[in-house]
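Undergrad: Starting from the known structure of chain S, arrange chains G and U on it as the hints suggest.
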Amino acid sequence: MDLLTAIVLLPLAGFLINGLFGARLGRGFVSAVGCGLPLLAFAAAVSCYLGLTGGDGAPLIATSYTWAVVGDHSFEIGFWFDRLSAVMTLIITGVGSLIHIYSTGYMKDDPGYARYFAYLNLFLFFMLLLVLGRSLLVCFVGWEGVGLASYLLIGFWFEDPEKARAGKKAFITNRVGDAGFLLGMFLLYHALGTLQFDGVQAAFAGGAPAALSADLVGILLFIGATGKSAQIPLHVWLPDAMAGPTPVSALIHAATMVTAGVYLVARLNGIYSHAPIASEVIAVIGVATALFAATVAVTQTDIKKVLAWSTISQLGYMFLALGVGAYGTAVFHLYTHAFFKACLFLGAGSVIHALSGEQDIRRMGGLARRIPVTFATFAIATAAIAGIPPLAGFFSKDEILWFAFASDRGGSPLLWAVGAATALLTAFYMFRLLWLTFLSPSRMSEEAAHHVHESPPSMTGVLVVLAVLSAVGGFVALPHFLAPLLPVPQVGAGLEDYETPLLVVSVVIALAGLAGAALLYGRGPARADALAARVPRLHRLLYGKYFVDELYDALITRPIKWVSSVVFLRGGDRWLIDGTLHGLAALAQLTAGVLSRVQAGGLQRYVLLAGIGVLACVAWVWRHV
Amino acid sequence: MTETLWLYAFSAAAVAGALVMLIARHPMRVAVALIGTMLSLAGIYAVLGVHVIAVFQVLIYVGAVMVFMVFVIMMLDTRDTSFVARYSHLLLPGLLVAALLAAALGAVLAHRIGVAPRWGAGGDFRLQPFSVAFLRDYWLQFELTSVLLVIAVVAAIAVIKGRGGRDG
Amino acid sequence: MDRTQFLLALSVALFCLGLLGVIVRRNALVMLMCMELMVNGVVLSLVAFAARGGGAAGAALVFLVFVVAAAEIAIAIPIVLLLVRQRRTLDIGAYADLRG
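First to last, the sequence lines map onto chains S, G and U.
First residue of the first sequence? That's 34 in our numbering, and the numbers climb one at a time after it.
First residue of the second sequence? That's 5 in our numbering, and the numbers climb one at a time after it.
First residue of the third sequence? That's -5 in our numbering, and the numbers climb one at a time after it.
One chain only, chain S, in its complex shape (with noise of 0.2 Å):
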């Protein structure tokens, strides 16, 4: 068994361990295995890395395993690590093993612990699967698996219907989008004769093979990356998905899972090279996602919430890095963000812990002296993301930013003016948040704050890890190492001179967020609460989410309802089926009464019958014979 397939079946290993004897075997034992497979993943990772780049920098590749030959075509599931798969593997396993750490901590009381750990494992493996998978084929099968993970881990405390329904949710608008994925992936076999990335890679090499449109399975394809990443139609279910444990938030939702989209249209950069319209459609749904997430982000009030919608406005940014052609820099900001988001959701975890389970940052303030450690690592993070340099989100925006303005194949003023203005709200809410949870007077009920207490060092520690990585992270020079995969952007001509001044422009940006949420919410909510009060409509519209969800379930959810309740279960199920079943019945009882009546009791009525029945045979025999 080689390395690589070793580093996959490592947690499914811790899987099957912890489901099936974990319950059994007590914490210490689940919490060994659950964490110490993962970082042995890690390990493995980071010395199929070092194979990689020690040697001629061609990717290692494992073949595990036919799983169906049907007529001459062979379907093989095999494993690719190049330099691409290399960096969200260490991310996957990293900051995986990192949050598997802080879950021992955060999910110490729960009775769920075993199966908890169970399900995380489940989903690296999954992911793993995702991003080594040398095959459209085994992709999916990661793809689907995690959709299969998340569902159980947001519905993990399923006891409660609205959990559960979260999680319901989320599998049911994946769905949605792996039904274009599922199209995408039979359009380019139909076409290419193969699933496998390389051989995808090769068909497009010298510009689009004629048997195929290039644009339709981009299309197709990008339709599966907004369910999973949560782009606009399909992210309706992120939000939602907060009802899990804070810990899966911040590796499904935040740092992985969700990332699955960028990985998947950054794998196929060769269909996308020869894809204009696709590749403008993902841009454009890339900057206008991140737009309306930002603006909603703005007015929510559950810690949790904001983080979500500040996940779909980052997502937004890493599409529109790849509807421009960035490819590799897209990658850099989700490496970025897997550090510093999971850091900000470790940190929302730990101040829920600290407050009791209390989530609502209206009754929060004034917690920077009193869980300090949290304090300094959340203030760290959000710096990161709002974009200040030299911290790590500053240079992957930047970035992005740059080339959603100067690339050549799709870049305009326009992306990037509504690129800033996200960029501006991002680093106001983010701000606002920080304010509002830590520096800001207290406000929290005389409860909550009797208890407040600093969380455990299996907390902490992950906290200071995540926060050093979202520092310093930004000074490794992703893109440039991605280039022979990722092809960089050209510039477009005439455009070079503006890459300093916009660079200003946007460290200006992120310090105007930081002036103005500090402003307005200095001393808490009271005067940004007035400001709302004077455009009650607007602040509706915005804290309702643009009331996407209830768009949804009037045109959709309930006309589906509506047909399987009248047509199928009345109509077809009750009309159809029962009554012909029940008409049958009543036909033979209908017959049966009225031959029933032959057999009235009278004997020689019998008699007579059975002489005609004679009289019957003799003129038939005679007839015959």
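Hints are not guaranteed to be accurate.
[What the hints assert, rightly or not] From the structure, some residues in chain U lie toward chain S, with a derived Cβ separation under 7 Å: (1) Val16; (2) Met29; (3) Met32; (4) Asp85; (5) Ile86; (6) Leu92; (7) Arg93.
The set of hints was computed from the structure by calculation and includes no laboratory data.
Every residue gets a Cβ at the ideal spot worked out from N, C-alpha and C, and that includes glycine.
TA: What follows is chains G and U alone, placed relative to chain S:
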């Protein structure tokens, strides 16, 4: 020939007896009519030369079966509703069916059996030769019928004696 | 028409008259007697064929039919007696319980 005349006479008597059976009201008259028919049939058998059967017809059928029937008629009070209203409500359909059946069978007879050859000599139907042939060739059937008779005796006793469990 | 055909015609007549009697007469005992008439009709046809050339086989069969008829009447009469004991009438219309 005289044989044919006797045949016609006995046949007429048999049919007359049958008609009386259908018309007479009192069961005793019906029984007497039946006895008459049976005796006519015995006569026919004798004319045909099947003496042994003729004798058995009189001995068994008239002598045992009809006597038993007469005995029961005398035992029961027969002046009930069936005395007043002789015929069931199926008179007309019954007439129709019986007539049709007779016509059908008669038509078959008229067509089929005309000039079919005889396949053997008449056979000796006096008592002694018949008995010898009977018990030599058909002894198994003979034994089986004795079993049947035993069963009939047992059944008759069971019917009469087991009236506690039977509700008619 | 030869002798056999005539006797068979007579046999058909007796059989059909007996069948008619079973269907139309209401008295249970008269019905039994009409059934006996039917049997006699059949026996006549057997004897006609035996006389024609069937030999001892026909006669033996007739003998066995007599035995069976005797056994049959030995059972039928007690059954009628039991029925009458219950319902106190010989009218067959009173016994209509064998219904479907």
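Undergrad: Look at each hint and say if it fits the structure.
TA: Hint-by-hint comparison with the structure:
1. Nearest Cβ of chain S to the Cβ of U:Val16: about 5 Å, under the 7 Å cut. The hint holds.
2. For the restraint placing U:Met29 at the interface with chain S, the shortest Cβ-Cβ distance is roughly 10 Å, beyond the 7 Å limit, so the hint is violated.
3. A hinted interface residue such as U:Met32 counts as satisfied when its beta carbon comes closer than 7 Å to some beta carbon of chain S; here the least separation is about 11 Å, so the hint is violated.
4. Proximity of U:Asp85 to chain S is violated relative to the hint, the smallest CB-CB distance being about 11 Å (cut-off 7 Å).
5. Of the supplied interface hints, the one on U:Ile86 holds, with its beta-carbon coming within about 6 Å of a beta-carbon of chain S, less than 7 Å.
6. Below 7 Å, beta-carbon pairs count as interface contacts, and U:Leu92 has one with chain S at about 5 Å; its hint therefore holds.
7. Hint on U:Arg93 holds. Least Cβ distance to chain S is approximately 3 Å, under the 7 Å limit.
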